[in-house]
Amino acid sequence: MEILSTFINGFSLGGIYAMIALGYTMVYGIAKMLNFAHGDIIMVGGYVIYVFMLFSNPILAIAMAVLFCILLGVLIEKIAYKPLRGASPLAVLITAIGVSYLLQSLAQIVFGSANKMVVVYDFGAVKFLGANVQISSLLTLGVAVVVMAALTLFVKYTRLGRAMIAVSEDRGAAQLMGINVNRIITVTFAIGSALAALAGLFYLFKAPSISSTLGAMPGIKAFTAAVIGGIGSIPGAMLGGLLLGIVESVSYKITVIAPYTDAIEFSILILILLVRPTGFLGKKRREKV
Amino acid sequence: MALLEVNQLEVYYGVICALKGISFEVGEGEIVTLIGANGAGKTTTMQSVVGLIPKRGGTVTFDGHDVTKTPCHKIVQLGMTQVPEGRRIFQELTVYENLMMGAYTNKDKASFKRDLEAIYTRFPRLAERKGQIAGTLSGGEQQMLAMGRAIMSHPKLLMLDEPSMGLSPLLVDQVFEIIKDINRDGTTVLLVEQNAGKSLAISDRAYVLENGNIVLSGTGKELAASEMVRKAYLGG
Numbered sequence: 001m002e003i004l005s006t007f008i009n010g011f012s013l014g015g016i017y018a019m020i021a022l023g024y025t026m027v028y029g030i031a032k033m034l035n036f037a038h039g040d041i042i043m044v045g046g047y048v049i050y051v052f053m054l055f056s057n058p059i060l061a062i063a064m065a066v067l068f069c070i071l072l073g074v075l076i077e078k079i080a081y082k083p084l085r086g087a088s089p090l091a092v093l094i095t096a097i098g099v100s101y102l103l104q105s106l107a108q109i110v111f112g113s114a115n116k117m118v119v120v121y122d123f124g125a126v127k128f129l130g131a132n133v134q135i136s137s138l139l140t141l142g143v144a145v146v147v148m149a150a151l152t153l154f155v156k157y158t159r160l161g162r163a164m165i166a167v168s169e170d171r172g173a174a175q176l177m178g179i180n181v182n183r184i185i186t187v188t189f190a191i192g193s194a195l196a197a198l199a200g201l202f203y204l205f206k207a208p209s210i211s212s213t214l215g216a217m218p219g220i221k222a223f224t225a226a227v228i229g230g231i232g233s234i235p236g237a238m239l240g241g242l243l244l245g246i247v248e249s250v251s252y253k254i255t256v257i258a259p260y261t262d263a264i265e266f267s268i269l270i271l272i273l274l275v276r277p278t279g280f281l282g283k284k285r286r287e288k289v
Numbered sequence: 001m002a003l004l005e006v007n008q009l010e011v012y013y014g015v016i017c018a019l020k021g022i023s024f025e026v027g028e029g030e031i032v033t034l035i036g037a038n039g040a041g042k043t044t045t046m047q048s049v050v051g052l053i054p055k056r057g058g059t060v061t062f063d064g065h066d067v068t069k070t071p072c073h074k075i076v077q078l079g080m081t082q083v084p085e086g087r088r089i090f091q092e093l094t095v096y097e098n099l100m101m102g103a104y105t106n107k108d109k110a111s112f113k114r115d116l117e118a119i120y121t122r123f124p125r126l127a128e129r130k131g132q133i134a135g136t137l138s139g140g141e142q143q144m145l146a147m148g149r150a151i152m153s154h155p156k157l158l159m160l161d162e163p164s165m166g167l168s169p170l171l172v173d174q175v176f177e178i179i180k181d182i183n184r185d186g187t188t189v190l191l192v193e194q195n196a197g198k199s200l201a202i203s204d205r206a207y208v209l210e211n212g213n214i215v216l217s218g219t220g221k222e223l224a225a226s227e228m229v230r231k232a233y234l235g236g
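Sequence lines, in order, name chains D and C.
Under my numbering, the first residue of the first sequence is numbered 1, with each subsequent residue one higher.
Under my numbering, the first residue of the second sequence is numbered 1, with each subsequent residue one higher.
Extracted from the complex, chain D is given alone in its bound form (with noise of 0.2 Å):
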């Protein structure tokens, strides 16, 4: 049952991707800027999570590395975009891959360029109808599920997820309902950080080894996953999410096309943009005259 495996493990990559590609979106659609930075806050967790790994204690070293990323994406938000309200978007996109550069070479003066090795906790693997499956994978595929469905809830329930999705299609009319449009950006960077460090956390679990460039790839292929699902979408993120994950697992079991797996996930992308240049399920926004 070695498809059984795969798939499994393409889910759980699918949801870590998720749930990076959510912050992505939810930032893209509230703030309508493209956060470049936004993978490395996944780096900057695996770090906290290493660091409060040295007194082995898991469960605060998540709590700690949840916590500090929500800080630090609120922080960067405040300091290097919202003084860049209302200037061209191609200004905020320099500055957004500047703090993305920021972040990287911190973390290199702050833990030196060698790889640090952190084990979170080992869960070991289960016979599953005769496949060979990591609880890690299991719990991070079920962690993802919960997220994905609490914030569904959230942002259609609640009063302030409705105010999202009011600032999200018109800000100024947002602002006419008395909306603190500010508090909704910091609102959405605070949740799609929080997203990120458990992004990092499982990803962690993946591959037990951070550098300073842990968040570059998951970063790049999360940005990928949210364009395919139609990037400002919610449900678009979860879904272009497990996409990718399942191409990526089912295409590294398939020796002839396993080197070339980047290039097939980002090939899918421009597939798809080809076909339907708003992604699966993003949304014309209709030109304001």
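Among the hints, erroneous ones may be present.
As the list claims (entries may be wrong) - Here are the simulated DSS-like pairs of lysine-lysine, each with C-alpha atoms no more than 30 Å apart in a straight line:
hint, chain 1, residue 1, chain 2, residue 2
1, D, K78, C, K74
2, C, K221, C, K156
3, C, K69, D, K156
4, D, K78, D, K156
5, D, K127, D, K156
6, D, K82, C, K74
7, D, K32, C, K221
8, C, K55, D, K78
9, C, K74, D, K156
Said to hold, decoys possible - FRET-style restraints, in silico, Cβ to Cβ:
hint, chain 1, residue 1, chain 2, residue 2, range
10, C, A225, D, P89, 44 to 52 Å
11, C, K74, D, M117, 47 to 55 Å
12, D, V119, C, R114, 53 to 61 Å
13, C, I16, D, G98, 40 to 48 Å
14, C, Y12, D, P277, 34 to 42 Å
15, D, F266, C, F112, 42 to 50 Å
16, C, E177, D, P89, 43 to 51 Å
17, D, L75, C, F112, 32 to 40 Å
18, C, G39, D, T158, 38 to 46 Å
19, C, A118, D, I135, 50 to 58 Å
20, C, I133, D, P89, 25 to 33 Å
Unchecked claim - To list a few chain C residues with every Cβ distance to chain D over 12 Å, as calculated:
hint, residue
21, N7
22, C17
23, D63
24, N98
25, R122
26, A127
27, E128
28, S138
29, L170
30, R205
31, T219
32, L234
Calculated from the structure, these hints are not laboratory results.
Beta carbons are placed, not taken as given, at the ideal position from N, Cα and C, and that holds for glycine.
Since the structure of chain D is already known, use the hints to place chain C on it.
Chain C only, in chain D's frame:
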């Protein structure tokens, strides 16, 4: 003291001066209209007063507060709200959810329910379509929703920017009836309109805006009778 006092308001878009220091006021309980051609600065006036676009100079006082530099969401919390040009309802949300956003500043559930019932009574169409995605409503229904959404916050001052735009004559009459009605219930109204005839007829006072300046003011009747307004805005 007037409910809204605008004094020497100046607004620039880059180097272009859109409002060249206009002054006007809206007294409690009044309906006041700004009329003017396309590009005269009507929407700019509305958006800068409510804090959506920044002011270069002048002051705005609302209900005794200096709101010249106050951010939009705080001005709304003080009781000024606006039905923006083009209605700008939330297309992806349902009718009910749109009304809920209108009541964003009101956290009290009981009064929210009462307000919602009042809106559904005033606009029966909205009650019929409360579960419908707002983007699928007709233009007239969207205008009703935009007005309903605005009065969910119990504004002291309701500002309406071109509420008759794009509506059939029958609906235009209905919209003006509703504005009169809302005003009778105690809400002060500031109206911006290209439909000068209908809006002057329901206004206590009015101002004529031309190229970023107020060039004429008076009661609704006076302006409707004035030679200049008749020539420029009432088709002779």
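We went through each hint and held it up to the structure:
no.: 1; hint: D:K78 <-> C:K74; result: 20 Å, holds
no.: 2; hint: C:K221 <-> C:K156; result: 25 Å, holds
no.: 3; hint: C:K69 <-> D:K156; result: 33 Å, violated
no.: 4; hint: D:K78 <-> D:K156; result: 27 Å, holds
no.: 5; hint: D:K127 <-> D:K156; result: 38 Å, violated
no.: 6; hint: D:K82 <-> C:K74; result: 19 Å, holds
no.: 7; hint: D:K32 <-> C:K221; result: 47 Å, violated
no.: 8; hint: C:K55 <-> D:K78; result: 24 Å, holds
no.: 9; hint: C:K74 <-> D:K156; result: 25 Å, holds
no.: 10; hint: C:A225 <-> D:P89: 44 to 52 Å; result: 51 Å, holds
no.: 11; hint: C:K74 <-> D:M117: 47 to 55 Å; result: 51 Å, holds
no.: 12; hint: D:V119 <-> C:R114: 53 to 61 Å; result: 59 Å, holds
no.: 13; hint: C:I16 <-> D:G98: 40 to 48 Å; result: 33 Å, violated
no.: 14; hint: C:Y12 <-> D:P277: 34 to 42 Å; result: 37 Å, holds
no.: 15; hint: D:F266 <-> C:F112: 42 to 50 Å; result: 49 Å, holds
no.: 16; hint: C:E177 <-> D:P89: 43 to 51 Å; result: 44 Å, holds
no.: 17; hint: D:L75 <-> C:F112: 32 to 40 Å; result: 35 Å, holds
no.: 18; hint: C:G39 <-> D:T158: 38 to 46 Å; result: 42 Å, holds
no.: 19; hint: C:A118 <-> D:I135: 50 to 58 Å; result: 56 Å, holds
no.: 20; hint: C:I133 <-> D:P89: 25 to 33 Å; result: 29 Å, holds
no.: 21; hint: N7; result: 23 Å, holds
no.: 22; hint: C17; result: 19 Å, holds
no.: 23; hint: D63; result: 15 Å, holds
no.: 24; hint: N98; result: 9 Å, violated
no.: 25; hint: R122; result: 19 Å, holds
no.: 26; hint: A127; result: 20 Å, holds
no.: 27; hint: E128; result: 22 Å, holds
no.: 28; hint: S138; result: 17 Å, holds
no.: 29; hint: L170; result: 25 Å, holds
no.: 30; hint: R205; result: 24 Å, holds
no.: 31; hint: T219; result: 29 Å, holds
no.: 32; hint: L234; result: 27 Å, holds
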